Amino acid sequence: MTTLLDDYALISPLRNRNNWLKLIIVAFGLLVGVSSTSPVTPLFIALSMSIATVFLGKTPLKLYLKILTAPLGFAFAGAVVIFFFFGSGSEILSFNIFGYPFIANSEGINMATLVVSRTFSGMCCLFFLAFTTPMVELFAVLKKTRLPESFIELSMLIYRYIFVFLDVAMSIKYAQTIRLGYKDVKSSIYSFSMLVSTLFLQSWEQGEKLYLAMDSRCYNGKMMMFDAKRPVELSEIITASLYFIFILTIFYFTKNISVV
Amino acid sequence: MHIMEGFLPTPWWQLWFAISIPVIMFGIYKLNKMVEYKREILPLLAVAGAFIFVLSSLKLPSVTGSCSHPTGTGLGAILFGPAVTAVLSTIVLLYQAIFLAHGGLTTLGANVFAMGIIGPLVGYAIYKAGMKFNFNAYAVVFLAATFADWATYVATASQLSLAFPAETGGILGSFKAFAGIFAVTQVPLAIMEGAVTTLIFKYIVQLKSEALIKLNAISKEGVRKLKGVTA
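Chains A and B supply the protein sequences, listed in that same order. Position in the first sequence counted from 1, then plus 135, gives you this note's numbering. Position in the second sequence counted from 1, then plus 5, gives you this note's numbering.
Keep in mind that the hints were calculated from the coordinates and are not lab data. Be aware that one or more of the hints could be misleading.
Capping the alpha-carbon separation at 30 Å, the derived lysine-lysine pairs in DSS-like fashion look like this [what the hints assert, rightly or not]: (1) LYS35(B) x LYS321(A); (2) LYS137(B) x LYS278(A); (3) LYS43(B) x LYS279(A); (4) LYS133(B) x LYS213(B); (5) LYS344(A) x LYS181(B); (6) LYS278(A) x LYS344(A); (7) LYS207(B) x LYS318(A); (8) LYS38(B) x LYS321(A); (9) LYS35(B) x LYS344(A); (10) LYS43(B) x LYS213(B); (11) LYS43(B) x LYS232(B); (12) LYS35(B) x LYS207(B); (13) LYS321(A) x LYS207(B); (14) LYS133(B) x LYS43(B); (15) LYS308(A) x LYS213(B); (16) LYS308(A) x LYS219(B); (17) LYS181(B) x LYS35(B); (18) LYS278(A) x LYS357(A); (19) LYS207(B) x LYS193(A); (20) LYS181(B) x LYS232(B); (21) LYS357(A) x LYS35(B); (22) LYS357(A) x LYS219(B); (23) LYS181(B) x LYS43(B); (24) LYS344(A) x LYS219(B); (25) LYS219(B) x LYS230(B); (26) LYS357(A) x LYS225(B); (27) LYS225(B) x LYS278(A); (28) LYS308(A) x LYS321(A); (29) LYS137(B) x LYS344(A); (30) LYS133(B) x LYS219(B); (31) LYS213(B) x LYS38(B); (32) LYS308(A) x LYS232(B); (33) LYS207(B) x LYS308(A).
This structure is a prediction, so every number in the text was calculated from the model and none was measured.
Only chain B is shown next, with the shape it has when bound in the complex (with noise of 0.2 Å):
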C-alpha cells in the first residue's frame, strides 16, 4: 500500500514530509537514547529492519487473487513500540523504493506517514490497551494487526483524496471513491495478515518466549498463562 513516485502533486508531497520528519527525528532520538543504554540492540533493531523488508517482499497468498504483502509493522510496533518501528519503516521504505520502485522518494514522507506512523501507533495502542484490560493476547494481537493495517490505508487513502478532491462531494467524496478501490484488496488482506501476525506471535511465544519478555512487549505471567502453565 504505497503511493507511487510523483503521484501526489507539489504541496503535498512536501507537506507529509514536513509532518513525517519530526516523527522520524523523535525515532532517532529514541533509539540513540536506546543505543546508548543498551548497546546490544543495535544489531538486533538491525535484523528487525531486516526482517520487515523481507516480511513485505514476500508475496501473502491473497483471497482475491491479488499478490499484496503483509506491511509488518503490527508486529513491528507491538515488539518495538511505535517510535522506534517510524525509523524502522523509513528506512524499509527507503530501500523498497530505491530497490523495487515500491513507493518512491517524493512520497516518501507520505508513505511514512500512513505506513510507520499512522498505523503501528494505531496498533500499538489497540495492543496495550487490550493486554492492559487482559484480554485474551492472541485476539488482541490479531486486532492490532488487522487495524494497524486499515489505518494505513485509511491514511493512504485520506492523502490521495485531500490531494485530488472530487468535483462533487469534495475531499469526502474522493475518499469514498479511493478507499472503495482499496477496500477490494486491503479488507481481506488486513484480516489475513492479522491472522499471520497471531499465529506467528503464537510460535514466538512457543518457542522463545524470554525474546518477547526482554523487549517488554508481554510479562512473564502473560507468558505463563499463554503456555497454559500454572507455576
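With the rest of the complex left out, here is chain A (with noise of 0.2 Å):
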C-alpha cells in the first residue's frame, strides 16, 4: 500500500495549529530558499524545517529520511549537467570521456551546489506542510481565496477519489502479482495496461454513480466546508517573527559566501 504523507498529516500535533501560519512559514521558506545567493541560507532553511517536522511534527525519523531521499535523484541528475556545462570562471576539474572534454569551472560548480540546497530547502518545506497539514485543512484556506469554484470544488471531488482509486488500484495489481503477473517485462506491460484500463472505466462507473448521489442530495455545485477555528497564539507570532528575521539576518550576511 502506498503511505500518503496525508496519512501521518492527520495524525500530527501540528495539525491543530492555523493554517495560515503554517502556510505563511512555508511560503516564507520557498520564496528566500529560491531566491538566495548561497547555500548556506537554503541549507539552514531545510534544517529548521527538517527539525520542525520531526520533531515537532513527530514524523517517524526513518520514513522521513527515506522519503527525502527519493526525489533528490532527479535534483542530482540536472545538477551534473549545470557543474559540468554552465557558467565561465578557472578550471577547477577536467576529464575526457569519449574523446568528450567535461570541464568543471568554478562557475558551475557553485551554481550546481547551490540549486542542489535549493531544491533540498525546498523539500523540505514541501514535506514540512505535507506531514504536518491534511488536505483536508488546506480545502478550507482555498475556498477562502478567490480561486474560481468550479476549480475548487474539482480539486476536492479529485482529492476524494484519489484514495478510492488508490484502494481499488492495490488490490488488483495485488492480484495481479500472485498470478505473476508481473514476472517478465512483456506480462507487466500487459497486466499494467489491463489494471489502467479496468480503473477508468471504474471510475467512470463511479463517476456516474457519484453525480446521482450528489444530485439527489441537492447538490448545487457548492460543498460545505467545516472550517476550524484556530486562532493564532501570541506566543506562535513571537516565534515566527523571530525565526524569519534570524534567517534573514543569515540570508543577508552569507550572500556572497560559495563553494569555491
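Assembly of the complex is requested from the two constituent chains, each provided in isolation within its own frame, with the hints serving as guidance.
This is the structure in C-alpha cells:
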C-alpha cells in the first residue's frame, strides 16, 4: 500500500495549529530558499524545517529520511549538467570520456551546489506542509481565496477519488502479482494496461454513481466545509517572527559565500 | 518528469507561471462552460483527475530499471481535450507537490507548462490529425501518447537549458546535455507509455466504447471499424 503523507498529517500534533501560520512559514521558506545566493541559507532552512517536521510534527525519522532521499535523484541528475556545462571562471576539474571533454569551472560548481541546496530546502518545506497539514485543512484555506469555485470543487472531488482508486488499483495489482502478472517485461505491460483500463472503466462508473448520489442530495456546485477556528497564539507569532528575522539575517550575511 | 522545487532561479519560475496561468484560466473557463451545459460532467472530470494521479503514482516497469511513471496526459488529452487536461494536470501536479513532494510549488508553473500544456497539445494534435486522415486508430493513439511524452520531456529540457545556458554553445549546448541525460530514461519510457496507452484504449473500446463516443473522442463508425463489426 502506498503511504500517503496525508495519513501522517492527520495524526500530527502540528495539525491543530493555525493553517495560515503554517502556510506563511512554508511560503517564506520557499521564497527565501529560491532567491538565496549562497547555499548556506537554503541548507539552514532545510535543517530547521526538518527539525520542525520530525520533532514538533512527530514524524517517524526513518520514514522522513527515506522519503527525503527519493526525489533527490532528479535534482542530482540536473545538477551534474550544470556542474559541467554552466558558467565560466577558473577551471577546477577536467577530464575526457570517450573523447568528450568534461570541464567543471568554479561558476558551474557554485551554481550546481546552490541549485541542489535550493531544491533540498524547498523539498523540506514541502514535506513540512505535507506531514503537518492534511489536505482537508487546506481546502478550508482554498475556499477563502478567490480561486474559481469550479476549480476548488474539482480539486476536492479529485482528492476524494484518489483514495478510492488507490485502493482499487492496489488490490488489482496485488491480485495480478500473485498470479505472476508481473513476472517479465512483456506480461507486466499487459497486466499494467489491463489494470489501468479497468481502473478507468471503474472510475467512469463511479463518476456516474457519484453524480446521481450528489444530485439526489441537492448538490448545486458548492460543497460546504467545516472550517475549524484555530486562532494564532501570540507566542506562535513571536516565534515565527524571530525565525523569519533570523533567516533573513543569515541570508544577508552569507549572501556572498560560495563553495569555490 | 517534473522540475523539482527550487530548481529554477528567480526570473524563470515567475515567467513560466506568467505563461501557464492564462492557459489554466482558459481551461477553467472552458470547464465552467462544460459544467453549465452538462452538469454530470463535473464528477466525471473529478474521477478523471483522480485517475491521472493514481496512474502517475503507479510505477511502470521500465526497461532501464529506473522506476518511472506514466504521465497519463496523452490519454487525458485524447479523452477530454487539451484545455481541460491542463486544468486537471494543474490539480494533479499540485497534489503531487504537496503529497509526494514530486515537483514543487515555485516550479508549478513550469511543470504545468511542460506536462499540462505542451504534452497534451501535441498528443491532441496528433490524435485529431491521425483520426481525420483515417489512419489506424491504435497506431494514432500510440503515436499521440509517445509524442505527448516526448514533447513534455523536450519542454522540460528546454526550460532547464534556458535557465542554465552552457558556457560554450549557450542554450543549445546545455539543451543537448539536459536532453541527453533525460533521454536515457525518457526515450524507452515514452515508447512504453505509448504501448500501454494503446492497450488501454483497446480495452476501453472493447468494454465500454459508449464512454468514448460520449466524450467525442471517437465516432460510432470508428468504434464499429475497430471492433471489426460490419453492420
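Which numbered hints does this structure break? Going through the list in order, the structure violates hints 1, 2, 5, 8, 17, 19, 20, 23, 26, 27 and 29 and respects the others.
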